[in-house]
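Could you put together the complete structure from these sequences and hints?
Protein chains in written order, with this note's numbering: chain A, 364 to 703; chain B, 202 to 629; chain C, -14 to 389.
If you are wondering where the hints come from, they were derived from the structure by calculation, not from laboratory data. Be a bit skeptical, because a hint or two may be false.
[What the hints assert, rightly or not] Now the stretches of chain A that chain C is said to cover, found in silico as 3 or more residues with beta-carbon under 8 Å:
#1 516 to 530
#2 542 to 553
[Stated by the list, open to error] Keeping only pairs whose Cα atoms sit at most 30 Å apart, straight-line, the calculated DSS-like set for lysine-lysine is:
#3 B:LYS216 <-> B:LYS229
#4 A:LYS476 <-> C:LYS248
#5 A:LYS416 <-> B:LYS292
#6 C:LYS30 <-> A:LYS476
#7 A:LYS493 <-> C:LYS248
#8 C:LYS30 <-> B:LYS455
Ideal placement from N, C-alpha and C gives every residue a C-beta, glycine not left out.
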Amino acid sequence: MKKTVFFGALTAAGLVAGLASAGTLEDVKARGTLNCGVSTGVPGFAEPDANGKWQGFDIAVCRAVAAAVLGDNNAIEFVPTTGKTRFTSLASGEIDMLARNTTWTLSRDVDLKFDFVGVNYYDGQGFMVKASTGITSASSPEIDGVTVCIQTGTTSELNLSDHFRSIGMSYEPLPVESGSEAVANYMAGTCDMFTTDRSALAARRATQEVPTDHVVLPEIISKEPLGPLVRHGDNEWGDVVRWTLNALITAEEFGVTAANAEKLSAGTENAEINRLLGSEGTMGEMLGLDADWAKRAIMSEGNYGEIFEANIGADTIIGLPRGVNAMWTNGGLIYSPPFR
Amino acid sequence: MAENNASFVRHELIKEQVPPVSERGLVKWVRENLFSSPFNAIMTVLSLWVIYSIIAGSAPWFINGVWNASSVRECYDILDGVSGACFAVLKERFPQLIYGFKYPATEYWRPNITTLLLLVALAPVLFRKLPRQLLAFSIIYPFLAYWLIWGGTILVPVVAFLGFAAGVYCFRRFSTNAFALGVIVGVIVASIFWLFGGYLSEANETFLSLQAVPSRDMGGLMLNLLLGTIACSVSIPLGIFLALGRQSSMPIIKWICVVFIEFIRGVPLITLLFVANVILAFFFPPDTSIDLILRVIIMMTFFNSAYIAEVVRGGLAALPSGQYEAANSLGLDYAQSMRLIILPQALKISIPGIVNVSVGMLKDTTLVSIISMFDLVGMIRGPILSTSEWNGVYWELFGCAAAIFFVVCFSISKYSQWLERQLETSNR
Amino acid sequence: MSTFTSTERETFRLSMLLNDRRYRSYTFQFFALLVLICIISYLGKNLVENLAKAGLNISYGFLEDPAGYDINQRLIEYNSQSSHLRAAMVGILNTLLVAVLGCITATVLGVTAGILRLSNNWIVAKLMAIYVEIFRNVPILIWILIISSIFMGVLPQPRAFKGENPDATMLWDMFAFTGRGIYAPGPIFFEGSLVVIGTFVLSILSIIVLRRHARRKLYSEGRVIKTGWPSIALFFIPTILIYYAFGSPIGLEYPELKGFNFKGGIYARGSLISLWFALSIYTGAFIAEVVRAGIQSVDKGQTEAAAALGLRNNFIMNLVILPQALRVIIPPMISFYLNITKNSSLALAVGYMDITGTLGGITLNQTGRAIEAVLLLMLFYLVISLSISAVMNIYNRSIMLKER
Chain A
364 MKKTVFFGAL TAAGLVAGLA SAGTLEDVKA RGTLNCGVST GVPGFAEPDA NGKWQGFDIA
424 VCRAVAAAVL GDNNAIEFVP TTGKTRFTSL ASGEIDMLAR NTTWTLSRDV DLKFDFVGVN
484 YYDGQGFMVK ASTGITSASS PEIDGVTVCI QTGTTSELNL SDHFRSIGMS YEPLPVESGS
544 EAVANYMAGT CDMFTTDRSA LAARRATQEV PTDHVVLPEI ISKEPLGPLV RHGDNEWGDV
604 VRWTLNALIT AEEFGVTAAN AEKLSAGTEN AEINRLLGSE GTMGEMLGLD ADWAKRAIMS
664 EGNYGEIFEA NIGADTIIGL PRGVNAMWTN GGLIYSPPFR
Chain B
202 MAENNASFVR HELIKEQVPP VSERGLVKWV RENLFSSPFN AIMTVLSLWV IYSIIAGSAP
262 WFINGVWNAS SVRECYDILD GVSGACFAVL KERFPQLIYG FKYPATEYWR PNITTLLLLV
322 ALAPVLFRKL PRQLLAFSII YPFLAYWLIW GGTILVPVVA FLGFAAGVYC FRRFSTNAFA
382 LGVIVGVIVA SIFWLFGGYL SEANETFLSL QAVPSRDMGG LMLNLLLGTI ACSVSIPLGI
442 FLALGRQSSM PIIKWICVVF IEFIRGVPLI TLLFVANVIL AFFFPPDTSI DLILRVIIMM
502 TFFNSAYIAE VVRGGLAALP SGQYEAANSL GLDYAQSMRL IILPQALKIS IPGIVNVSVG
562 MLKDTTLVSI ISMFDLVGMI RGPILSTSEW NGVYWELFGC AAAIFFVVCF SISKYSQWLE
622 RQLETSNR
Chain C
-14 MSTFTSTERE TFRLSMLLND RRYRSYTFQF FALLVLICII SYLGKNLVEN LAKAGLNISY
46 GFLEDPAGYD INQRLIEYNS QSSHLRAAMV GILNTLLVAV LGCITATVLG VTAGILRLSN
106 NWIVAKLMAI YVEIFRNVPI LIWILIISSI FMGVLPQPRA FKGENPDATM LWDMFAFTGR
166 GIYAPGPIFF EGSLVVIGTF VLSILSIIVL RRHARRKLYS EGRVIKTGWP SIALFFIPTI
226 LIYYAFGSPI GLEYPELKGF NFKGGIYARG SLISLWFALS IYTGAFIAEV VRAGIQSVDK
286 GQTEAAAALG LRNNFIMNLV ILPQALRVII PPMISFYLNI TKNSSLALAV GYMDITGTLG
346 GITLNQTGRA IEAVLLLMLF YLVISLSISA VMNIYNRSIM LKER
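Printed below as a string of C-alpha cells:
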C-alpha cells in the first residue's frame, strides 16, 4: 500500500517497514530479511568484528533461522538491544526474534507475553574475583561488605540480592549499563566482584590479559536457561524458530554436520536423518517452508556442537567446556524432540 | 620688551625621551596585566602553575603516543611502562568513529560530499552578500542529500521534489485569492504528483541508482550530524508556528501550544528518547513498524522545536507593538503582516538564540547512545570498547570525541557571534 | 451604524465563518480542536489495539510489588523487599540530592569564572575563557564519561590502602580518595547534641537580626554600626561554649578500612561525584557567560558614578553593579537550574541510582511496565521543573520589583 512517493522514500530509507500481513513468517518472507535482536556485545555470544559482521553463539541461531526461512544466512538485520529495550523491541514488532542470552522465566513467558522456543545454553549465575583477593567462595563470611559490579536490566540483579539475603551478608551493588563497562570497572578495581552468567564470566575472563589472575568462584546461585524467544500468539513463527533450533540439536545427535549435510540429504539408511534433511516426509511443508530448510540451517554455521565449538568451545579463547550443555546422550541436558 | 629680557628661551624641542623601563613594552604590559596588585600577582602565579601542571602532565602522554599497533596490549608493549597514549585505536577505528561500522566502506564519499554540499547550501542562507540564485541550490539540497545518504534510485527524490515544486507553484497561484484555497490546491496537486511518481519510481528501481543503505547502518559522527541537522531544520519552522500559536489571541490554539511547549521543556530529552524507544511504537498503527531512527528524529524535533519556540517568542516580544499596529493599519491580514513585517524582524533578533539551541541539540544527539544507537559516543562505548583489542582505551577515544564536538560546536558558535555583529551594524 | 451591524448579524452566511474576522477565529479553533481530538483518539485507538494484540494492559499495581533489587545509595530506609514505589522514592531523593549539589557548585563555579573572566589579569581572563569555551562546546555526556573514567583509572582503590607499606595513604588520616568514591569524616551525635545545634541556629539568627538592625540604622540615621567582629564572635563563641559545657556531644567518625571498603564517616560514591562534578563544570561554563554578560550589561557610567561618590571597590560591586546585573543574570539562571535537574537523568551512564536509574531503569526492566514507568518518570520531571520555575519566577519578580 505504498501510496505516495513520500512513503516510498521512507520505506526505501528503511524507516518504515512495509505494512504487515497475517503472520511473522509471511512478513519475513515478504521482506526478505530477518530482524534479529541481539545484545550490544558479549564476546563469543554476539559481537561485531572490525568489519561490522556479527558473529557468535547467539548470532548463529539467527543465521540458521534466516537460512531456513530465506535461504540466505546473511539476509539478517541485526538490531542491537540493551537490557532495557530488548522486550519492547520484540513486543512492538521491531524485531522478529530475540537471540540475546535471555533467561527463560515464568514472568517473562506469562506476564510479558513471550514464547521461549527452547534453550540453547543452560547457564547459571556465578561470580568472578581477582585471584589476588584470595577469595575462594561466594558464601564465606570474608566477602561481607564486598562491592559487586552488575549489569542492570538482567535477572542477575534479583539473584544477587536473593543470594546475599540468604547468606545474611551486606554488599554494595555497582550497577552498570553494559557488560563491557562492568568488566572495565572490575578491572580497574572499582568493584571487587563481577557477577553475571557463568558463560559470560568465562568469556570475559578469557579476554583478559592474564586470565589466570581471575577466578570464577564455584557457587552457582541461579538457574539461567538461555534461549531465543518470539512474540506470544504467533505460533507458526514460533514453530519455525523452535524447530530450527531443534534441527541443529538433532543434527549433532545424528552426526549431521555442515560438511556432510549435502551428501546425507541425498538419502540415508537412517529415517530420522532423512526426515530432518527432507528426503523423506513433509516436515518442511508442515512448517510452511520447503523441504531443504533444515539442511540450509545446518549448513549455515554447522550443527549445535559445531556452533558451540566454533564460538565458545574449548578451542576458542573463551574455552567453555560442554558441561551440562552436552548432548543428552553424553549426560548433558541438550535434547531435541524427535523429527517425526 | 619682555622678549629682550628673557634670560632663557629654548628654541628647539627636547628630543623625546624613552619612557622608563617599567612603563613601556613587555614590562609595562606584564606589570599592568599580570602584577597590578598583590592579589593579581597571586592569581598569575597560580594560573601559571595550573598551566604548567596541565602541560607537564599531558605532554609526555601526547609525545609518547603510539600510532601503530593492533591492540591495546601491543601499545603497552611498545610504551614499555612509559606513560603514553594509544592513538593507534583512533587510526584503526577512525572510519567507525565517523561513519559507524556498517556503512559500506566504498560509499564513504557520499556522506563526505553531502557534508560539503551542506556548507554550500547553507552559505546563501547565512551570508547575505552571496547571489540570491544560490538559494535554488539550498532548496534542492535536502532531496539531493537524501539520495546521497540513503541511496536508491534518483527518481524518488526527483519525484518528491517535483511534487513539492508543483504544490508550491499551485499554492502561489491560488493563494493570491484565498489562502486556504491555495493550501488545499497545493496539497492536492503535490499528492497527485507523488502518487503517480511513486508508481514510476517503483517501476524503475535501478534508474541512476546508488547502493541503498538502510538507516540502521548509519552510525558514528555521521549519525550525530544527521540527527542534528534534520531535527534542527524541521524544528525551526515548527518552532516558529508554535511561537506564533503561543502569542495567538485564540485561547484554544494558545493553550495547545503552551501545553506542548511546557511539557516538552519540562522533561529531560532522555525520557523523550525512552518514549521513542519503548513507547512510541505502541502509538503507531498495528502491523507497521517505524524504525528507531525515525522515532528518535520525531522526538528530537519536538524537543528542539519547543526550545526554538521560546526563543522566537522572545524575538516576537522584543518587537515594539507599533510594528504590529503599523502592519494592521496598512490593511495587511494576519498572514501577510507576519510574513512581511513581524517575522523578518523577530527572526533577526532570534537568530543567535536559535543557533545556540541548535548547537545544544547537536550536542544532545550523543544521548542516543543510551538507547543502544551507535553514534559517536555509542560506537566508543559499544563496539570499540567492548572488543578485547581495545578494552580500556578511554582517554584517547573520549578525548577524540570531545575534540571533534569542540571543533564543530565552537565554529558554529563563533559563526553565530559573527552573525550577531553583522546584524547589529545593519540595525544602525 | 449600530442598526446596520445588527441587520448584518441577522443575515449570517456560512462563508462568514471563513471570511469574517469575528467568526474566523472560532472556525480555526474549532478545526484545531477537531484535529487535536482526532490525533489523540487515533493514537489512543492504536495504543489500545496494540496492547490488546500483545496481550498487555496498563496497570500501576506493580508499584506495590517488592522490588527485589538493592540500591547502593539510599537516603531513606530501603531494602530489596521494599516496594517499587519505595525504590522510586529513593531514586527521587537521589535525583534531588545531585541536582541541589550541582546547582550550588555550578553557581559558585560559574560566578567565580564569570567575574574572573572580566579580570584585568590577562592570563586569568584567558584561562577562564578557555574553560568556558571547552566545557560549553562538548556534550555533557562525554564529560560525565570522562570524569567517571578518571575515577576508575587514576585514583587508587581501597586495596591500595592496605598493608604495612600501602601504595596510597589517607589525607590527614581523615579523607580517603579512592576509585570508588571519597570518604570523609562524618559527625556522630550523642546526647545533648540538639542543644548545640539549637544554639548554633540561634546565633545565626541573631547575626541576621544584628545586620538588619545595622542596615536600618544606616538608612534611617546614617549611623554606621560595625557588624564584622560582632558577627564572627556570635558565630563561634556561644556554640563553642555550649559544646564544651555539654561535654562534646558531637564527635567525628573517621572512615576506616574494613574488609573491602572503608567504613564509617561520609561516603560520596564515585558515580555521585562524577555526575555532580560534570554537571557543575558544564553548567558552570554557561553560568560564567551569563554572569559576564550581566556585569557587562551594567553601564560603565554606574561604576564611575559610584567611584565618584567615594565608594570602595567592594561596595561598588555589592551595592551598585551586582543588584543591576542580577536582573540580567537571574532569568537564565532559572533555566540553568532546570537544566541541571534534567541533565541529572544522565546518571544512567555512570550507574548513579537516580529516578531514571530506579524507576526508569531497573524497575522498568524487571517488570516490563515500560509505558507506566516512563509516564511516571516524565510526570516527576514535569512536576519538578514546573515547581522550580514557579519558585524562581517568584524570586525573579521580587527582584524585578525594585526596578523603577
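| said: Just to be careful, I want the Cα atoms of LYS216 of chain B and LYS229 of chain B compared with a cutoff of 30 Å; is the pair within it? | reply: Holds - the C-alpha atoms of LYS229 of chain B and LYS216 of chain B are around 22 Å apart, at most 30 Å.
| Are at least 3 residues of the region 516 to 530 of chain A within less than 8 Å of chain C when you compare beta carbons? | holds (count 9)
| field | Distance restraint between LYS493 of chain A and LYS248 of chain C, which requires alpha-carbon spacing of 30 Å or less | value | Roughly 22 Å separates the two Cα atoms, so the pair holds.
| task | Given the hint that LYS416 of chain A pairs with LYS292 of chain B, test it: the Cα-Cα distance must not exceed 30 Å. | result | Within the cut-off at roughly 20 Å; holds.
| task | Verify the proposed pairing of LYS476 of chain A with LYS248 of chain C, using a straight-line Cα cut of 30 Å. | result | Roughly 45 Å between the alpha carbons, so the hint for LYS476 of chain A and LYS248 of chain C is violated.
| Given hint LYS476 of chain A paired with LYS30 of chain C - CA-CA distance at most 30 Å | holds, 21 Å
| task | Sort out whether LYS455 of chain B lies within 30 Å of LYS30 of chain C, counting only the CA atoms. | result | holds, 26 Å
| said: Taking 8 Å as the Cβ threshold, is the statement that the region 542 to 553 of chain A is covered by chain C upheld or broken by the three-residue rule? | reply: holds (count 5)
Consistency with the previously given hints fails for number 4 only.
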